[in-house]
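Student: For reference, the chains in residue letters:
Protein chains: 2
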Amino acid sequence: MSLILVSNDDGINANGVHALIDTLLPFGEVFCVCPDAPRSGQSMAITVNGPLRATYLPDYHGAKMIKVDGTPVDCIKLSMHNLLPRRPDLIVSGINHGSNASINILYSGTMGAAMEGCAFGVPSIGFSLTDYSPDADFSVCLPFVKKIVEWTLRNGLPEGICLNVNIPDRPSLPEECRVVRACRGNWDDEYKVYTDPHGGKFYWLTGSFVNEEPESTDTDEYCLSHGIASVVPTLLDRTAPIPAIPNIGQLNGKIH
Amino acid sequence: MSLILVSNDDGINANGVHALIDTLLPFGEVFCVCPDAPRSGQSMAITVNGPLRATYLPDYHGAKMIKVDGTPVDCIKLSMHNLLPRRPDLIVSGINHGSNASINILYSGTMGAAMEGCAFGVPSIGFSLTDYSPDADFSVCLPFVKKIVEWTLRNGLPEGICLNVNIPDRPSLPEECRVVRACRGNWDDEYKVYTDPHGGKFYWLTGSFVNEEPESTDTDEYCLSHGIASVVPTLLDRTAPIPAIPNIGQLNGKIH
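These protein sequence lines map, in sequence, to chains A and S.
In terms of our numbering, the first sequence opens at residue 132 and continues consecutively.
In terms of our numbering, the second sequence opens at residue 132 and continues consecutively.
In case anyone wonders, no lab produced these hints; they're calculated from the structure.
Be aware that one or more of the hints could be misleading.
Which chain S residues stay away from chain A? Per the calculated CB distances, all over 12 angstroms, these [claimed, not checked]:
#1 Asn144
#2 His149
#3 Phe162
#4 Ala168
#5 Thr178
#6 Asp190
#7 His192
#8 Gly193
#9 Gly201
#10 Asp220
#11 Ser264
#12 Asp266
#13 Phe275
#14 Glu346
#15 Leu382
Some chain A residues close to chain S (C-beta under 7 angstroms, calculated; not the full set) [claimed, not checked]:
#16 Pro302
#17 Ser303
#18 Pro305
#19 His357
#20 Ile359
#21 Val363
#22 Ile373
Quick reminder that beta carbons are idealized off the backbone N, C-alpha and C, glycines included.
This is chain A alone, in the form it adopts within the complex (with noise of 0.2 angstroms):
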């Protein structure tokens, strides 16, 4: 029997955990180990300096429920040491709300907790539904949810390499899947600007995503904007080829 760890970052009591946690409990033994509240935009920041908490909360469904007052990677990090019975065979992250689809994935906690997950080895998936809201419908996406992970519990993945599955909000299921590449994009985000009671000045990060090859279509972006879900397959590893930079060979040698 598999075991399964669950992690996100919109906290324990997120309604899209417990609709992935019902996916996942005819596949196997599921510990959901989560953030004690939200944490977007998390990232894979860790908790170095400062203790951590684990509280065991009632079972879900049958699924092990374990809170912990740190970041998404702290969960899996915490997971993988001392709360796990033994190595799972599948680590899943999500379902996030919102969409982690372009450069949306390096500021994702839940995308952090999937790459968490493969730097140890374990075949490890991020799932988000493009809806925001607390209270989004998952119930029509989790028969797709379902195929990934059976695909990839069945099939694994390379060393180093992890999904990141976004899936577009509908009122049905999503006709397509495509394998795709992140999208170039990035925030047009700005501060709003407020004056507080005694004349100091604070800001809040506000903004709206910019898609910066809308003519592209083989694009998680592209898929997300038509209704398709997208599966995005994700490096650890961020070397650059070094031969497409123009005279980096100079910086090698003799430092004088």
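Use these hints to put chain S onto chain A, whose structure you have.
Tutor: Positioned in the frame of chain A, the structure of chain S alone reads:
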């Protein structure tokens, strides 16, 4: 005259950032925007659900000094949108107290800031010295830092690529630099378990780095362990080569 934005993850009072500013001032105007306190291990975390404050401190040797109560990436975003007088020519993060070679780049706030600079399309570099102590001596490595900055201002960097520069801690300037790839490695981490005065259990992260390919000579870890400085060109885009994944094509197509 160049405008250079400086940040770090060790906080605005760290020795490393002051050494860096002194090295950068001959190249132009320097704005230093750093976290108000150490934020190691923050990766690319951003503050989305709370306010940020920016506090102007006295100039340091002519550099503007601003502290922000957020993460390294928050510092870059807020600088780019609200604090800088114009778009910078270069973003430099560090000098970090400790290595960011191999897998450490994933968790590094220093490299988080450099990657965020890269996302803005500004040539960006993260520097790290392999000495974790708060009173590390950065002086011997500064001529090398200057050389990398000169090269980058002259050559620029391709879109979507930044530099992760690690410098071995030595009593004298490293004699050699190599442009290499990130080593496969991992943290043999573990949690020290404590009991609080009321009987509650808590965990604290510890561990040591494990080089997973000690025989390879073209990696940053090889360089650092042989007294050689390393430059790893680093990609923002993380899409894995899709054909490398067995059977992934099965996920393309209609969802039933």
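Student: Each hint: holds or not?
Tutor: Against the structure, the hints come out as follows:
No beta-carbon of chain A comes within 12 angstroms of the beta-carbon of Asn144 of chain S; the shortest separation is about 15 angstroms. For His149 of chain S, the requirement that its beta carbon stay farther than 12 angstroms from each beta carbon of chain A is met, with the minimum near 21 angstroms. Remark: the non-interface label on Phe162 of chain S is consistent with the geometry, its nearest Cβ contact in chain A lying 16 angstroms away (cut-off 12 angstroms). The Cβ of Ala168 of chain S does not lie farther than 12 angstroms from every Cβ of chain A; its closest approach is about 10 angstroms, which violates its non-interface assignment.
Once the 12 angstroms rule is applied to beta carbons, Thr178 of chain S is inconsistent with being away from chain A; the minimum gap is 7 angstroms. Non-interface call for Asp190 of chain S relative to chain A: holds, since the shortest CB-CB distance, roughly 20 angstroms, exceeds 12 angstroms. Listed as outside the interface, His192 of chain S is consistent with that label: its C-beta sits roughly 25 angstroms from the nearest C-beta of chain A, beyond the 12 angstroms cut-off. For Gly193 of chain S, the requirement that its beta carbon stay farther than 12 angstroms from each beta carbon of chain A is met, with the minimum near 25 angstroms.
Against the 12 angstroms criterion, Gly201 of chain S falls within the reach of chain A, whose nearest CB is about 9 angstroms from its own CB. Here Asp220 of chain S stays apart from chain A, with its beta-carbon at least about 17 angstroms from theirs, past the 12 angstroms limit. Once the 12 angstroms rule is applied to beta carbons, Ser264 of chain S is consistent with being away from chain A; the minimum gap is 15 angstroms. Against the 12 angstroms criterion, Asp266 of chain S stays outside the reach of chain A, whose nearest CB is about 18 angstroms from its own CB.
For Phe275 of chain S, the non-interface assignment is contradicted: its Cβ lies about 5 angstroms from the closest Cβ of chain A, within the 12 angstroms cut-off. Non-interface call for Glu346 of chain S relative to chain A: holds, since the shortest CB-CB distance, roughly 17 angstroms, exceeds 12 angstroms. Interface exclusion of Leu382 of chain S from chain A breaks down, the closest Cβ pair being 5 angstroms apart, not more than 12 angstroms. Given hint, Pro302 of chain A at the interface with chain S, is violated; its Cβ is 15 angstroms from that chain's nearest Cβ, farther than 7 angstroms.
Given the 7 angstroms rule on beta carbons, the hint for Ser303 of chain A is violated: about 11 angstroms separates it from the nearest Cβ of chain S. The beta carbon of Pro305 of chain A comes within 6 angstroms of a beta carbon in chain S, closer than 7 angstroms, and the hint placing it at the interface holds. Checking His357 of chain A against chain S by beta carbon gives a least distance of about 14 angstroms; that is not within 7 angstroms, so the hint is violated. At about 9 angstroms, the closest approach between the beta carbon of Ile359 of chain A and any beta carbon in chain S exceeds 7 angstroms, and the interface hint on this residue is violated.
Taken as an interface hint, Val363 of chain A checks out: its beta carbon lies about 6 angstroms from the nearest beta carbon of chain S, inside 7 angstroms. Checking Ile373 of chain A against chain S by beta carbon gives a least distance of about 6 angstroms; that is within 7 angstroms, so the hint holds.
The structure shown violates the earlier hints numbered 4, 5, 9, 13, 15, 16, 17, 19 and 20.
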